[in-house]
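Asker: The chain contents come next:
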Amino acid sequence: MSYPDNFRYTKEHEWILVEGDTGTIGITNHAQKELGDIVYVDLPKPGAAVEAGKALGSVESVKAVSDIYSPVSGEVIEVNELLATAPEKLNEDPHGAAWLVKIRLSNPAELDGLMSAADYQAYLGE
Amino acid sequence: MLKQIPLADVHRALGAKMVDFGGWEMPLQYTGILDEHRAVRTAVGLFDVSHMGEIEIRGPGALDLVQRVSTNNAAKLADGQIHYSGLLYEHGGFADDILVHRVSADHYFLCVNASNQDKDYEHIVSQNRWDCAVENNGSQYAQLAIQGPRALETLQKLTPAPLADIRYYRFRDGEVCGHPARIARTGYTGEDGFELYIAPAHAAEIWNALLEAGRDFGIRPCGLGARNTLRMEAGMALYGHEIDASITPLEAGLEWIVKWDKGDFCGRARLEKQKAEGVRRKLTGFEMRGRGIGRDGYEVRAGGRPAGWVTSGGPAPALNKNIGMCYLPAELAQPGTAIEIMVREQPVEAVTVPIPFYRRPK
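Going down the list, the protein sequences come from chains A and B.
For the record, in the first sequence the residue sitting at position 77 is 76 according to numbering that gives the first Met the number 0, with numbers rising by one throughout.
For the record, in the second sequence the residue sitting at position 294 is 293 according to numbering that gives the first Met the number 0, with numbers rising by one throughout.
Do not rely on the hints blindly, as some may be mistaken.
Computed from the model, here is a short list of chain A residues facing chain B with C-beta under 8 Å [what the hints assert, rightly or not]:
| id | residue |
| --- | --- |
| 1 | 35 |
| 2 | 59 |
| 3 | 61 |
| 4 | 62 |
| 5 | 64 |
| 6 | 94 |
| 7 | 109 |
| 8 | 110 |
Pairs of lysine to aspartate or glutamate, DMTMM-like flavour, derived with a Cα cap of 20 Å [said to hold, decoys possible]:
| id | chain 1 | residue 1 | chain 2 | residue 2 |
| --- | --- | --- | --- | --- |
| 9 | B | 320 | A | 87 |
| 10 | A | 101 | A | 18 |
| 11 | B | 261 | B | 63 |
| 12 | B | 261 | B | 105 |
| 13 | A | 53 | A | 74 |
| 14 | B | 281 | B | 298 |
| 15 | A | 101 | A | 77 |
| 16 | A | 88 | A | 33 |
| 17 | A | 44 | A | 74 |
| 18 | A | 53 | A | 91 |
| 19 | B | 16 | A | 33 |
| 20 | A | 32 | B | 330 |
| 21 | A | 10 | A | 66 |
| 22 | B | 272 | B | 260 |
| 23 | A | 32 | A | 66 |
| 24 | A | 32 | B | 34 |
| 25 | B | 272 | B | 330 |
| 26 | A | 88 | B | 63 |
| 27 | A | 53 | B | 344 |
| 28 | A | 10 | A | 50 |
| 29 | B | 16 | A | 50 |
| 30 | B | 320 | B | 34 |
| 31 | A | 44 | B | 344 |
| 32 | B | 156 | B | 191 |
By construction, these hints were calculated from the structure, which means they are not laboratory data.
The beta-carbon is built from N, C-alpha and C at its ideal position, and this holds for glycine as well.
Can you build the whole structure from these sequences, using the hints too?
Answerer: Now the structure itself:
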């Protein structure tokens with residue numbers, strides 16, 4: 000699976016797609032592969048404040064639980080309800096239908112600290 | 000440096016995700032834990048468990064030494080018979096849980112947990128007052144487990160031994176792919192199946208032949224991940240989780256492996272005292288009622304107060320529930336008690352249920 004050029008990436012394997020002042024956040028294909036079968040996703044509620052580098056929720060695979068870190072700061076404006084009933088979609092379409100949350104960015108300058116697709120793939124050694 | 004099992008390269012070639020498990024580099028999963036779990040429940044799965052230890056006790060006093068170090072009554076075993084037993088310290092806690100195979104009246108073959116094998120060996124040697132030969136032979140054996148409803152058909156293609164004649168918890172020494180093999184009808188998944196003890200030099204050939212023999216049945220190579228979810232559904236203890244040196248068999252719900260009429264054994268005095276006084280804490284199963292998964296080590300609360308801890312927890316793929324086992328004060332450990340599991344500092348509702356969670360259909 001390719002890593003879209005219009006996403007930005009974190010070292011903790013999250014991605015963010017920014018359109019205007021809205022950022023859509025997900026976990027990368029590499030992250031879902033490392034986690035294995037995903038069975039539960041714990042996400043914040045709309046209105047919650049998130050902070051760059053701090054946990055915004057967690058993803059549980061059969062084997063383990065992993066925190067998801069927010070790439071940037073802002074306020075949660077939408078949560079992907081699909082994942083409450085079909086967490087396995089995260090294994091199938093992590094860069095698309097299985098996005099996690101949308102947030103309104105409070106400090107767009109934080110995006111500068113994130114990786115491009117090329118940087119991320121180099122970071123993964125892929 | 001991680002210890003290498005004989006088949007490490009074979010697992011890597013199959014695309015296994017390898018992990019450090021108690022100092023051994025072991026396969027965690029191949030196609031995925033859920034897929035492997037389902038294969039074992041509905042068809043057949045193949046596990047490499049070569050990290051497990053083997054300790055052999057030989058000599059005219061072999062039975063006396065086995066009786067001294069373990070809780071079950073090995074005097075009841077016939078040649079070719081196996082039982083599950085506890086290897087206890089004098090204070091009544093588990094050194095290990097083991098399978099005792101009686102090869103003959105003066106030869107017992109113990110399968111022990113990988114990370115315990117050296118301390119088990121030292122403990123057994125420390126109790127050896129009968130001049131037995133005790134050998135720590137983990138490196139002499141590779142061990143493969145073939146588990147699931149199609150396990151017998153799969154293995155039968157590779158051995159002339161009449162497998163249907165080997166009853167549950169019996170073994171026979173025979174050949175697999177023309178190589179010597181100890182064939183035991185045992186396992187750690189809750190399914191029918193066999194465990195093979197073979198020479199490491201033949202492990203790759205036998206592993207590959209088993210995958211080929213089971214191909215028509217949908218065989219999957221299975222890793223430690225599926226081994227854990229399968230054994231948890233079946234309510235089987237894992238050393239370092241449900242049992243360890245601080246836990247006695249009475250607390251762990253394993254009084255059935257303590258045979259009071261067998262005479263003296265390590266830990267007996269402590270267990271008798273505990274039985275007379277009653278155990279204060281007990282192992283129980285639980286099912287999550289709220290959203291969330293109770294994992295190993297999470298705190299368990301009852302009525303808002305800390306009451307115990309989760310020993311193993313996770314999804315039960317064959318049951319479509321989130322389950323686990325935990326220690327609770329004895330009065331809270333009966334089925335149907337409302338408890339809370341602290342999941343990332345939030346209490347999530349759960350209820351205690353009997354162990355095992357899963358029994359294979361007859």
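Asker: Decide, hint by hint, whether the structure agrees.
Answerer: The hints, checked one at a time:
| no. | hint | result |
| --- | --- | --- |
| 1 | 35 | 6 Å, holds |
| 2 | 59 | 5 Å, holds |
| 3 | 61 | 4 Å, holds |
| 4 | 62 | 5 Å, holds |
| 5 | 64 | 6 Å, holds |
| 6 | 94 | 19 Å, violated |
| 7 | 109 | 25 Å, violated |
| 8 | 110 | 28 Å, violated |
| 9 | 320/B with 87/A | 15 Å, holds |
| 10 | 101/A with 18/A | 10 Å, holds |
| 11 | 261/B with 63/B | 11 Å, holds |
| 12 | 261/B with 105/B | 18 Å, holds |
| 13 | 53/A with 74/A | 13 Å, holds |
| 14 | 281/B with 298/B | 15 Å, holds |
| 15 | 101/A with 77/A | 5 Å, holds |
| 16 | 88/A with 33/A | 15 Å, holds |
| 17 | 44/A with 74/A | 10 Å, holds |
| 18 | 53/A with 91/A | 26 Å, violated |
| 19 | 16/B with 33/A | 9 Å, holds |
| 20 | 32/A with 330/B | 43 Å, violated |
| 21 | 10/A with 66/A | 13 Å, holds |
| 22 | 272/B with 260/B | 16 Å, holds |
| 23 | 32/A with 66/A | 15 Å, holds |
| 24 | 32/A with 34/B | 14 Å, holds |
| 25 | 272/B with 330/B | 19 Å, holds |
| 26 | 88/A with 63/B | 57 Å, violated |
| 27 | 53/A with 344/B | 16 Å, holds |
| 28 | 10/A with 50/A | 16 Å, holds |
| 29 | 16/B with 50/A | 33 Å, violated |
| 30 | 320/B with 34/B | 16 Å, holds |
| 31 | 44/A with 344/B | 17 Å, holds |
| 32 | 156/B with 191/B | 17 Å, holds |
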